[in-house]
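Asker: Sequence:
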Amino acid sequence: MIQIRPMTPEDFERFWPTFQAIVQARQTYAFDPTLSSDQARTLWLETPLRTLVAEADGELLGSYFLKANAAGPGGHVGNCGYMVCENARGRGVARLMCEHSQKLARQEGFLALQFNSVVATNEVAVALWHKLGFETVGRLPKAYRHGELGLVDCLVMYKWLADEPVVEKPPLLIGRKNIEARVSRRRGR
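In this text, residue positions in the sequence shown follow this note's numbering: the first is 1, and each later residue adds one.
Fair warning: there could be bad hints in the mix.
With a straight-line Cα cutoff of 25 Å, these simulated DMTMM-like cross-link-like pairs (lysine to aspartate or glutamate) come out [said to hold, decoys possible]: (1) Lys103 to Asp163; (2) Lys131 to Glu46; (3) Lys159 to Glu135; (4) Lys159 to Glu108; (5) Lys67 to Asp11; (6) Lys67 to Glu46; (7) Lys159 to Glu123; (8) Lys103 to Asp11; (9) Lys67 to Glu10; (10) Lys103 to Glu59; (11) Lys67 to Glu148; (12) Lys131 to Asp153; (13) Lys103 to Asp153; (14) Lys103 to Glu46; (15) Lys131 to Asp163; (16) Lys131 to Glu99.
Restraint-style ranges between C-beta atoms, simulated for each label pair [unchecked claim]: (17) Ala21 to Leu140: 21 to 29 Å; (18) Gln20 to Gly109: 27 to 35 Å; (19) Gln39 to Glu59: 22 to 30 Å; (20) Lys131 to Glu10: 30 to 38 Å; (21) Pro9 to Gly138: 33 to 41 Å; (22) Gly147 to Arg91: 19 to 27 Å; (23) Gly150 to Gln39: 24 to 32 Å; (24) Glu164 to Leu128: 12 to 20 Å.
Because the hints were derived from the structure by calculation, they are not lab data. All residues carry an ideal CB built from backbone N, CA and C; glycine is no exception.
Kindly generate the complete structure, drawing on both the sequences and the hints.
Answerer: Spelled out as structure tokens, the structure:
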């Protein structure tokens, strides 16, 4: 059973190798590849409104953060970042975290989520975000210096959440039966 819960400083220590590997690969995140562990902890764990981990039986599967995309008049739009550990890829962890983050965003008062810079060559993520209802609302030509491909485009992706009900408490424990029930209901709509 996958559990999603708040990240602790100890969790970040376990997550650091995943964070470092993803950032240093320069394929998906526009974070400085030379960030220290302390700088990364501040960026991922301390600055956002909420940071969570996904784990199963003590195995760290991934993490995501939720924060406001902008301040003041734009503060009703949230922003998230997701990272999945290499050993958990292909197991539906990113989908689960994104679905969870949308519920959490509504609980925190956000009316929409915006992803500012989805690397266009990250086809798996782009396809997943589209499946989960995000629209591509902009394209930033050559906005990312990919570690292997050079300059590539980034996408701005957006989903309006206000039509979805506010959840008092998002479910933190999600088992296989719950996931299958959710997927089956969505297909039937």
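Asker: Identify every previously stated hint that the structure contradicts and give their numbers, smallest first.
Answerer: 2, 11 and 13
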